[in-house]
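Note that the protein sequences, when read in sequence, are chains X and P. Just so you know, numbering that gives the first Met the number 0 puts 518 at position 519 of the first sequence, and the rest follows in order with no gaps. Just so you know, numbering that gives the first Met the number 0 puts 246 at position 247 of the second sequence, and the rest follows in order with no gaps.
To be clear, the hints were calculated from the coordinates, so they are not data collected in a lab. By construction, the Cβ of each residue, glycine as well, lies at the ideal position given by its N, Cα and C atoms. None of the hints are false.
Here are the in silico distance ranges between beta carbons for each label pair: (1) X:G578 <-> P:E452: 57 to 63 angstroms; (2) X:V577 <-> P:P70: 27 to 33 angstroms; (3) X:R50 <-> P:R196: 47 to 53 angstroms; (4) P:D174 <-> X:R171: 30 to 36 angstroms; (5) P:D290 <-> X:R307: 52 to 58 angstroms; (6) P:G556 <-> X:G582: 58 to 64 angstroms; (7) P:L72 <-> X:V577: 22 to 28 angstroms; (8) X:N198 <-> P:H82: 33 to 39 angstroms; (9) X:V577 <-> P:S47: 37 to 43 angstroms; (10) X:N198 <-> P:D174: 19 to 25 angstroms; (11) X:G582 <-> P:R196: 35 to 41 angstroms; (12) X:G579 <-> P:A124: 41 to 47 angstroms.
2 protein chains.
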Amino acid sequence: MRTSIATVALSGTLEEKLRAAAEAGFDAVELFEDDLIASPLSPERIRSLARELGLGIELYQPFRDVEALPPELFERGLRRARHTFQLMNRLGATTLLVCSNCSAEAMDDDALAAEQLRRLAEVAADHGIRIAYEALAWGRYVDDELHAWRIIAAADHPALGLCLDSFHTLSRRSDPSAIRRIPGEKIFFVQLADAPRLNADVLEWSRHHRCFPGEGGFDLAGFVAEVLATGYRGPLSLEVFNDVFRQADPRHTAVHAMRSLLALQEGLGLRPAPPPAELRGWALVEIAVDDRSAPAAAELLGSLGFSRAARHRLEPVELWRQGEIRILLDARGRPSAGGGTGPRLSALALRSDDPDRSARRARALLAPPRPLRPEVMGEDAVELVAPDGTSLLLCPAGGTGSRVTGFRPLPAATAPRPDAGLSHIDHVELGQPLDRFEEALLFFRSVLGMRLEESQELTAPEGLIRGRSVSSPSGEVRIALTAPLVEGGRAPGGQHLALACGDVFATARALRALGAPILPVPGNYYEHLAASAELEPDLIEAMREHGILCDRDRHGGTLFHLYTAALGRLRFEVVQRVGGYRGLGAANAFVWRAARRARRGR
Amino acid sequence: MRTSIATVALSGTLEEKLRAAAEAGFDAVELFEDDLIASPLSPERIRSLARELGLGIELYQPFRDVEALPPELFERGLRRARHTFQLMNRLGATTLLVCSNCSAEAMDDDALAAEQLRRLAEVAADHGIRIAYEALAWGRYVDDELHAWRIIAAADHPALGLCLDSFHTLSRRSDPSAIRRIPGEKIFFVQLADAPRLNADVLEWSRHHRCFPGEGGFDLAGFVAEVLATGYRGPLSLEVFNDVFRQADPRHTAVHAMRSLLALQEGLGLRPAPPPAELRGWALVEIAVDDRSAPAAAELLGSLGFSRAARHRLEPVELWRQGEIRILLDARGRPSAGGGTGPRLSALALRSDDPDRSARRARALLAPPRPLRPEVMGEDAVELVAPDGTSLLLCPAGGTGSRVTGFRPLPAATAPRPDAGLSHIDHVELGQPLDRFEEALLFFRSVLGMRLEESQELTAPEGLIRGRSVSSPSGEVRIALTAPLVEGGRAPGGQHLALACGDVFATARALRALGAPILPVPGNYYEHLAASAELEPDLIEAMREHGILCDRDRHGGTLFHLYTAALGRLRFEVVQRVGGYRGLGAANAFVWRAARRARRGR
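Let the sequences and hints guide you as you build the complete structure.
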């Protein structure tokens with residue numbers, strides 16, 4: 000089906016919006032009147048620019064408050080409409096969106112509405128234009144698409160049809176199956192928007208909080224399935240009013256929007272894509288350092304029980320190991336996508352059942368693989384780029400450790416330092432810029448086939464944080480995405496690398512012996528734990544000694560975890576899961592973040 | 000009355016919060032449990048720190064889900080309570096907030112609730128502690144303060160009383176007069192929060208959207224008056240959960256909070272302050288430039304018809320004039336509070352009926368005047384600093400032009416350039432950082448006695464903008480404050496200086512002759528105006544010729560306005576008001592902002 004996006008969903012000037020929509024592969028746009036009025040381009044130039052970009056102008060909108068009016072007001076509306084039809088002829092737009100009347104002058108008279116819409120359609124037809132009538136959820140008398148359809152049926156003119164908008168339908172009812180009663184050829188246009196389930200004023204909800212399909216609480220796939228059942232084969236157009244997208248880079252938003260529409264169509268069997276390859280766990284993670292921070296990073300890894308296992312023959316890259324964990328310390332000094340310069344997680348390498356298929360899927364979902372850096376990674380890997388700039392390397396799941404190339408193993412020390420019992424990567428947290436958070440969720444969900452976990456709200460001394468994790472279906476790869484709830488003058492979000500161990504107390508003792516910089520936890524925390532009387536006093540004492548936090552879930556699972564001092568944006572966490580604990584210790588976010596802040600003396 | 004603030008209303012670590020509250024002059028705090036748990040300071044150290052800072056710990060909170068429970072659950076709650084009482088003894092806190100039960104185990108049994116609260120109060124009394132019971136608006140069975148009061152009355156224990164929270168009361172009803180029925184000595188604590196009127200889930204509304212008194216839609220003065228009528232003389236404590244304040248600098252938030260409480264008390268006659276002096280119009284505005292931008296600024300002023308009237312004897316400051324408008328071009332290179340370096344409005348000088356009284360009032364409202372820079376401004380002026388760093392100079396309303404000193408008039412040119420008919424300053428727009436917007440509104444309202452106009456939402460190509468204006472009661476001084484609705488990576492908000500003229504077409508012709516860089520307006524705008532058929536075609540043609548926009552209000556008033564190219568953050572606007580038009584042309588914000596964006600080629 001043809002894909003379209005409303006210009007109002009994108010930020011910038013009309014030209015920027017058109018270019019962004021075209022680059023993301025949309026077939027068409029809905030042109031908003033305000034975007035036209037504010038553009039220095041003439042209607043003819045907009046038409047030719049759209050044509051050059053391969054975009055149709057599928058709809059012009061909105062035209063308001065024209066039907067069910069006293070005669071003189073309707074005549075005035077008809078004069079306005081003639082101007083609009085002439086303008087649309089110059090633009091090459093052939094469908095006009097007419098919203099159900101919201102004005103105080105509207106009358107509760109369906110026969111009058113039908114008669115006036117019919118006259119409007121006659122004039123439209125003279126200009127080669129069709130009218131798509133839409134029931135706004137806050138229309139004065141017509142606020143339901145079935146009501147709008149009864150009026151259209153009564154008006155009975157070939158140039159008059161219906162515009163459906165998933166927001167207006169799904170904000171009023173959860174079951175859109177009544178749409179089936181409408182003949183598909185009388186549905187002239189379909190607008191799609193998802194939205195979180197809010198108990199809010201519907202106008203406020205619609206104007207500020209819409210989001211792309213799959214990112215809210217509505218069943219967009221079910222809605223589109225009902226629309227398809229009518230026989231409708233027109234465009235699917237995203238009309239998303241959202242405060243964040245209105246100020247984000249339109250090129251990012253357009254790709255994000257298109258990806259959501261591709262995923263929606265894939266789910267409905269309309270546009271097949273290679274299925275996601277299963278992810279089989281972590282191959283390695285890469286930490287970017289610069290000349291100044293490289294020694295501190297090496298010292299920190301050593302104090303965590305890692306050993307320097309190999310050094311690259313040509314590049315300033317080292318391989319560190321402990322248990323199954325492999326970390327590349329990369330001092331090549333590549334710039335950070337986020338703009339920061341300090342140490343950070345710059346690449347995550349994941350084992351994939353089929354990297355080639357992952358690459359094909361990524362291409363189909365507008366995330367083309369980047370040419371690999373073959374000097375370090377094996378040529379059988381595929382490199383994708385997450386919305387925050389983090390590199391994602393997909394390596395074949397089989398084999399031993401051949402994904403890195405060009406390394407020269409270092410001779411084992413004669414008296415090797417003991418490790419700390421860290422066995423594998425539990426999860427990774429990637430702090431996102433606020434305006435990339437939804438895009439990142441969609442990227443991991445659609446491109447990599449990961450699953451979204453429940454949203455969380457975390458409290459930090461610096462403000463509230465949104466958190467949502469994605470995990471591979473097998474559960475072996477888990478990435479926590481976080482972003483500030485309100486963006487301020489604070490630093491970009493932190494990252495952390497959570498490493499699993501089998502016995503957090505043994506690991507904590509080993510870390511102490513190795514001199515690891517463990518984040519101290521306030522004594523008040525342990526007193527509070529003691530007051531809740533759920534843990535043995537001896538256990539609490541042992542936790543206090545080592546700065547270990549714990550969280551318990553409703554099913555009796557327990558997480559024990561501790562944090563290190565930060566290395567640039569990056570922190571290390573050590574976790575032990577007991578009794579099937581699945582969470583990420585969100586309840587302790589305030590404690591350790593405040594401890595970190597207090598320690599920094601800020 | 001004693002003033003208090005909840006630690007949860009401030010951002011940062013507990014120590015930062017306590018210091019910020021003390022610096023702003025609060026008498027006490029409500030200590031949130033999470034802030035204690037996450038603090039590296041022991042309860043004894045927190046107690047002594049608070050004492051050193053002159054702060055009482057007026058309340059410890061929250062204690063949840065303890066009453067109306069099956070016996071074994073209540074006993075467990077009582078054990079928790081004993082720990083809490085011991086902790087409070089160490090903190091020196093004597094009142095515990097107990098929230099009405101929200102848990103699934105709570106029973107709808109007021110007699111049981113009363114009996115268990117009585118037992119809790121007995122144990123509390125043994126520790127020298129009082130229980131303040133609060134009805135949460137989302138309590139399972141007790142969600143109303145009168146219901147809570149009936150239970151307290153039935154329990155009848157001297158250590159059990161009520162905690163009132165204006166949010167819980169006013170979110171449920173607009174008339175708080177029923178509070179009068181409660182004896183003042185049984186009200187143990189009063190929490191204050193305002194909130195915008197939202198049609199939203201009450202928990203979400205309470206946890207994210209509270210604001211300081213006078214900044215929302217609730218009648219806080221009416222609420223406090225009812226509380227005072229009961230005989231209550233305990234503390235007034237601000238408990239404000241707000242996403243923005245949670246991430247803002249706590250020192251700013253604490254001053255902002257205290258100022259709101261001072262203004263509230265002033266309004267109730269509880270804490271008199273010198274009344275605001277009437278503002279009598281603009282004395283001058285100052286534009287800060289640096290060496291590089293000074294020539295461009297001078298050229299722009301010249302092209303707008305301003306003449307260089309005087310030059311300072313010692314400092315690189317020039318005085319430019321046109322009509323009643325005086326502009327100082329200040330190249331002393333003082334740093335910008337907003338961090339920017341380009342040209343900007345750095346000071347607004349206003350005529351005041353009584354600058355000395357303004358200074359005393361400002362001191363009373365935590366905005367102490369800054370030592371004046373006497374080398375430029377007369378010594379009879381007073382300098383305040385707005386939250387965004389803009390200097391506000393209050394000059395005596397009488398006299399001629401003696402507020403500036405040390406200037407040497409420049410000889411009039413033999414053939415003076417014509418001016419452009421600009422007569423006076425219409426208004427000034429100051430773009431605010433998102434987290435200073437409310438603080439700025441409060442500053443102008445309380446410190447300067449200005450009036451708040453209606454809020455507006457403006458659309459720009461870069462995103463949505465909040466706008467709200469303040470004006471002096473006489474209407475002679477008007478300042479539009481704007482801020483992005485969602486903060487992103489965009490530049491700090493712009494500023495503009497709107498200059499009035501009596502005939503916008505004559506002024507536009509003069510500006511053209513002078514070579515002023517007028518912002519071109521898209522032809523589509525004029526075609527749209529023509530389609531609406533409300534203006535004469537000749538008038539529209541004249542507007543098109545000069546890049547003039549217009550806006551009409553419901554009462555037949557019309558604004559004609561045009562914009563210049565920007566000078567750094569600063570733009571000039573020329574306005575003519577016809578037929579009593581009062582607005583600021585918000586309807587055209589998208590057009591001129593998009594035109595500016597398109598022109599910059601971004």
